[in-house]
Amino acid sequence: MQHLPIYPILLPMLAAIFMLLPPLSNSITRHRVFAVLVMILLVITSAFLLLSSHQHGVQVYVLGGWQPPFGITLVADRLSTMMVLLTSVLGLCAQLYACAGDDKDGMFFHPLFMFQIMGINGAFLTGDVFNLFVFFEVLLIASYALLIHGGGKQKTKANVHYVILNLVGSSIFLFALGILYGTIGSLNIEDMANKVPLLGEHEQALAKTGGLLLLVVFGLKAAMLPLHFWLPKTYAAASAPVAALFAIMTKVGIYSILRVHTTIFGEDAGALASIVIPWLWPLGLLTIVMGAIGVLASPSLRLTSANLVVVSVGTLIVAIAMEREAATSAALYYMIHSTLVTGALFLIADLVSKQRGKAEDRYVIARQMPHAKVIGIAFFIAALVVIGMPPLSGFVGKILILQAAQGVTEMVWVWPVVLISSLVCLVAISRAGTTIFWRSAGEATGDVPIPPLKLIAVALLLCTSPLLVVFGSAVTDYTDLAASQLHDRTPLIESIIEGGDE
Amino acid sequence: MEAMYAFCVGVLTTCGFFLVLRGRTFTVVIGLTLLSYAVNLFLFASGRLKLDGAAVLGQSAEYSDPLPQALVLTAIVIGFAMTAFVVILAMRSRADQGNDHVDGQIPEQLTNLSASDKRNG
Chain P
468 MQHLPIYPIL LPMLAAIFML LPPLSNSITR HRVFAVLVMI LLVITSAFLL LSSHQHGVQV
528 YVLGGWQPPF GITLVADRLS TMMVLLTSVL GLCAQLYACA GDDKDGMFFH PLFMFQIMGI
588 NGAFLTGDVF NLFVFFEVLL IASYALLIHG GGKQKTKANV HYVILNLVGS SIFLFALGIL
648 YGTIGSLNIE DMANKVPLLG EHEQALAKTG GLLLLVVFGL KAAMLPLHFW LPKTYAAASA
708 PVAALFAIMT KVGIYSILRV HTTIFGEDAG ALASIVIPWL WPLGLLTIVM GAIGVLASPS
768 LRLTSANLVV VSVGTLIVAI AMEREAATSA ALYYMIHSTL VTGALFLIAD LVSKQRGKAE
828 DRYVIARQMP HAKVIGIAFF IAALVVIGMP PLSGFVGKIL ILQAAQGVTE MVWVWPVVLI
888 SSLVCLVAIS RAGTTIFWRS AGEATGDVPI PPLKLIAVAL LLCTSPLLVV FGSAVTDYTD
948 LAASQLHDRT PLIESIIEGG DE
Chain S
143 MEAMYAFCVG VLTTCGFFLV LRGRTFTVVI GLTLLSYAVN LFLFASGRLK LDGAAVLGQS
203 AEYSDPLPQA LVLTAIVIGF AMTAFVVILA MRSRADQGND HVDGQIPEQL TNLSASDKRN
263 G
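Protein chains in written order, with my numbering: chain P, 468 to 969; chain S, 143 to 263.
Keep in mind that the hints were calculated from the coordinates and are not lab data.
Calculated cross-link-like contacts (lysine-lysine; reagent style BS3-like; alpha-carbon spacing at most 30 Å): (1) K571(P) x K620(P); (2) K675(P) x K192(S); (3) K662(P) x K192(S).
Assemble the whole structure, with the sequences as input and the hints as a guide.
Here it is, written out as structure tokens:
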């Protein structure tokens, strides 16, 4: 149990390595069985980790026994364990979907998938900024390979942009880390948070530059406004399970903003307190606007889903910019909901695309789909959730964010932008639904069966939404606690020092 | 020494960014390489520049900060892997798209221009 915090990183890594070795290496069936078993195990482990950190307080895992602030630590607090569990659940569903056939397009889908999960979990759990960079690279290099998995012109084209952008992003990340280490003298997040208020005047300017450069990097990962242009094309080009998994990738960026800029440059940072907030406000609101315009302009269901990711990112950034516990808590709830539902939407888009032959998922009139009813129901539920109609989780999430905005001076901007963007999404998605499901030319010809695994994956993702509502009070209690843990830093520092004494 | 060092890092970064903003994958890859060189030098300097300072205790009168050296090592390894990947990807893109433009197609304006150039020349 003492080693629990590192299991979410070790498990997928070892699983990926085992899958590259005999006797598993040559058989896709064995890969599938093994990978699904590992993912189920990972979900259970993550749930255990969440429970234990919830009940026994923050767990600090000191890698190799090198004491903080010198060694690397893994910090499993409420926020990071929640994100790890979210990743595992989304990963399991995406993998089930992939097992129905998408993993056969190329070699080594499952090992790559595992490396991706490992990178994401590592990024959530680490308590060290440089280690965060390393895990970013792990998840990125796996995502480069997953994105191009299966090959094809579209994928190569999208991948070139994605890779080059992210390599530039990595360079900027390292510049920022160099500046921060040169001025603050530490890379451990908690230690940096302690040292930031003590900086001299000259160093403050440099540290501010470093902090803002970090915002650029995280903004690029999260697809914040001027840096979001890569997202729709990339996500639309990726195969469905990969796109579904990528739904959590933007949230890694959001998580990093939350972690770094609330902890290191938070309210206690003296002269450097809240340096990014003035940037987050306009960028977040404009991201929602741009995302909504994108949703309106999208010619296919996949692009619509990708632009909905942008809208959700904007909403999250706005909630972070409010910089208060209630808003962070609302953001966490919204984050769980939006990750799972956008993942489901990408899968549904793929189901539609397989059923409609040449018309794929574009909004054109085509023959009726052979299984229009099943997919229609799934699409209808997903649409309700993602637009934020009652009674599902999207509604609760948006209400929480709007409530948290009460009393903030920027409320006059937040309410109209969030509400109008919801209306725009409602219009765009209704149009999408009517075109795809109702306006058909001619009866269905032939039968394109839906593999049951795909349906199970979509159903699993969709049933999280009513669960998030039914167990809403438990979830919001948890996110409240997670938010207060994030904003109130003293208990965490104490437990890290205690962890150092052991 | 500091001024010289800072100048070098600055020139490398500037050239790197300029080349990354070009349209062909080859120049972009060269730009990314220059950027990663600049980053490595920069990271190294974040532990302050010191002459005759070993990173191991007891080896010299003054010691230098070992952490940036470890960071640079990590950054070099990762940068190297990424460069290898992007080179292969660029080649694949050249094969798939039939040209080495980052957008997968040469902008029309450019092709028209070069065609008219040929006519004039």
